[in-house]
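Participant: One line per chain: the protein sequences are A and B, in this order.
Counted from 1, the first sequence has number 248 at position 248 by this note's numbering; the numbering is strictly sequential.
Counted from 1, the second sequence has number 4 at position 4 by this note's numbering; the numbering is strictly sequential.
Treat each hint with caution, since some may be false.
Said to hold, decoys possible - Computed list of lysine to aspartate or glutamate pairs in DMTMM-like fashion (alpha-carbon distance at most 20 Å, straight line):
no. : chain 1 : residue 1 : chain 2 : residue 2
1   : A       : K321      : B       : D257
2   : A       : K321      : B       : E282
3   : B       : K321      : A       : E167
4   : B       : K71       : A       : D309
5   : A       : K247      : A       : E288
6   : A       : K321      : B       : D209
7   : B       : K226      : B       : D257
Derived from the structure by calculation, the hints contain no laboratory data.
There are 2 protein chains.
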Amino acid sequence: MTDTNTDSDESTSKCGGAKSDDSSSSSSKCGGSSSSSSSASGSKCGASSKKEKTEEKVGATVEDFDGEPGKLTAVGLGPGHPEGMTQRAREALLEAEHIVGYTTYIELIPDEITDQAEDIYDTPMCGEVSRTEESIDRTLAGNDVAIVGSGDPNVYALAGLALEILESKGATASMVDFEVVPGVPAAQSCAARLGAPLVNDTVSISLSDHLVPMPEIESRLHAAAKESFTITIYNPWSRKRRENFEKCCEILLTHRDPDTPVGIVHAAGREDEQVMITELGELEELGESEIVDMTTTIVVGNEETYVWDDRMVTPRGYETKYDY
Amino acid sequence: MTDTNTDSDESTSKCGGAKSDDSSSSSSKCGGSSSSSSSASGSKCGASSKKEKTEEKVGATVEDFDGEPGKLTAVGLGPGHPEGMTQRAREALLEAEHIVGYTTYIELIPDEITDQAEDIYDTPMCGEVSRTEESIDRTLAGNDVAIVGSGDPNVYALAGLALEILESKGATASMVDFEVVPGVPAAQSCAARLGAPLVNDTVSISLSDHLVPMPEIESRLHAAAKESFTITIYNPWSRKRRENFEKCCEILLTHRDPDTPVGIVHAAGREDEQVMITELGELEELGESEIVDMTTTIVVGNEETYVWDDRMVTPRGYETKYDY
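Pulled out of the complex, with its shape left as it was, chain A reads as follows (with noise of 0.2 Å):
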C-alpha cells in the first residue's frame, strides 16, 4: 500500500451495482461475482481504456447502488514476508469477500487466505486511484472488501485516498463500517534490519514529487537535518526523477558531515533484500546503483549515530543520565 508513484494513467474501471455511464469501464468482475482466484481476476488495468490523468472522474456515487454496502478495510501487510503480517491483517482477509490491491501486493499474501476470497482483484501496472475506486464501488454494491498493500495503510498509503474517495461519491466510512488494520511500515522493517538507528525522534519524507512539490520536499529536508531528527527516505529513486536524490543528498550533507552513517534496506522482507550501511558522503552515487530503487527504504542516522558491529546504533540518550 505504500505509494508505488506508478506514474500510469488510471482506468475508470467501474463495478457491480453502478448504473453509471460505463463507456470507459475495464473488465474487472465484481458485485456479484463467485469466482475464486487466487491470482488476477478478468481486470486487468493495463489493458483497459486509458484516459488522460486530469479527466479521471470517480464514475458511480451511492446513488447508483441498491441494498445495502458491505465492510470496507483498508489492511497493511507489514513487511514483505508473510511472518510480518499482524494476526487481525490476517484475520481481516480472511473475513473479506474480495481482496483489491497492487498485483505485487496481492502476491504476498499466502495462498490459504487468497484461496478463500471470492474474488481477487489485482491490477499489475495501473494507479492507486482507479483501484481504490473499484474497492468502494464493490462494497457500496454490497460486498465485504478488503483493499491491500504492504507496510501501513496510513504510510505514504491508501487509507487517506479511500476516504477522500467515499466523500466523494456522497457515501460515508460509517456507511461502509470503514477500518484501518495496521501494519508495520516500511522505516519500522528496515531499521530492525539495520540495528536501532531509530530510537529517537524521527522524520519520514517521500522523495516522489508525483503528487507533492519538490520545492516542499526540500525544504522539509533542510528542516528535519537541521534539527537532529533521523530520516527515513522513502521512494528514494527512479529514473524519472534522479535529480531528486541528487538534490536530497546535497541537502542533507549542508547539514551533517559526509561520514554520518545512513542505512539502505532494499526489498526488505522480501527474496532480493540487500542491506547496506554506508556513509552519507558515499549516498549520492549509490543512486545509479542496483541497492536503490523504488522498493529501497533509507534510513538517515542523526550527529550521534554510530555504526558498531555492522548495526547502526542512535543513543536514546541512557549515556547521559547511566554509567554503562
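Fit chain B to the given chain A structure using the hints.
Facilitator: Below, chain B alone, put in the same frame as chain A:
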C-alpha cells in the same frame, strides 16, 4: 518497549554465569532456572536494593561468562492486544527460553506463549537499564532471551540500549546473534483508529525530557510545525512535567491554526482505549484530563488535515492530479 520514562532508580541485578561481585544484586532467578511461570519470576525490581542513578554500573562483562552465549531478540509486540502482534513476533517469543520485560508489557503476551517459556523476568516499576542488562547477562550465560515491549523496538525503545550495553560488556551483536523483530508502532495503531491522519510526510517527537534536553525538543517542535509535517507526540504528559505539554501546545499554536485537527488515542488496543478528535486550540486544557497520560499518543494534523465523518484525513495530494 516504548519508553515509559519511569524515573525510578535502577537495580543492578546480576545473572546466571556472572562471576563478578554481586553484592547489590536483586533476587532475580536466571541462568539455569527452569521454572515455568506465566506471571513473574521471583525478581521484583522494586524490592531490590537501589542505587543512585549516577552510580548505576553494568556489572558483569563478557569475561565473566563461560561457554556459548544464547540468542538475544528484541521483540516489538505492537499495540496492546495479541491480534496486533506479527506472526514473527509470536514465533520469536515461542523460541525464547527467557522472556524479559516491563510487567505491563509481559501481561500483554498470551498465556500460551508465556507458559512455554522457562522463565519470565518482569520488573514492575523499574527502569530499562537494569532490565536490559539482565536480558544480556542471561543471554551471555547461554540462554535464548527475548526482551519485549509494546510497539516497535526502534521507537523510543530498547533495541539501541541493548546494543549499547552489549558493547559496554565487551560483547558483540554478532556473538549473541542479535535480532530486532519489528512491531506496529503506536503512531500507526493510533492513526488507524483516527482514520488516515499520517499518509504524508510525518514526524515523531517525544515530550519526555528525561533523556533529551527540553530546549532540543522545543526546537524540533518548531521545525516540524513550520514545515507542514503531521506530528505524532509520544509521552505527552506526566504530573512531573506538565510544563512540557503546555510548552508543546504553545509552540504548535505559533505555527498552526487553533482549529487544526488533533487526534488523541489513550491506551490503543487495550481495554481502556479512548479515542477523541479535537482541535489544537483545545489541546492544552485536555492535559489535565484522564485521556492524556503516558499511555496516550497524540496526532497533530497539518494545514490540510480535515475531519470528515469522525475521521481525520490528511490528503496525500491525489486531489491535485485526479478529479474524483
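Participant: Assess, step by step, whether the Cα of B:K226 is no farther than 20 Å from the Cα of B:D257, and give holds or violated.
Facilitator: Holds. B:K226 to B:D257 sits at ~12 Å (cutoff 20 Å).
Participant: Measure nothing beyond the straight line between the CA atoms of B:K71 and A:D309; if it is 20 Å or shorter, mark the hint as holding.
Facilitator: With Cα atoms ~16 Å apart, B:K71 and A:D309 stay inside 20 Å; holds.
Participant: Are the Cα atoms of A:K321 and B:D209 separated by 20 Å or less?
Facilitator: holds (12 Å)
Participant: Taking 20 Å as the top limit, are the C-alpha atoms of A:K321 and B:D257 close enough?
Facilitator: violated (38 Å)
Participant: Is the straight-line distance between the alpha-carbon of B:K321 and that of A:E167 20 Å or less?
Facilitator: holds (17 Å)
Participant: Are the Cα positions of A:K247 and A:E288 separated by 20 Å at most?
Facilitator: holds (14 Å)
Participant: Between A:K321 and B:E282, does the CA-CA distance stay at or below 20 Å?
Facilitator: This hinted pair is violated, its Cα atoms lying about 35 Å apart.
Violation of the numbered hints given earlier is confined to hints 1, 2; the remaining hints are satisfied by the structure.
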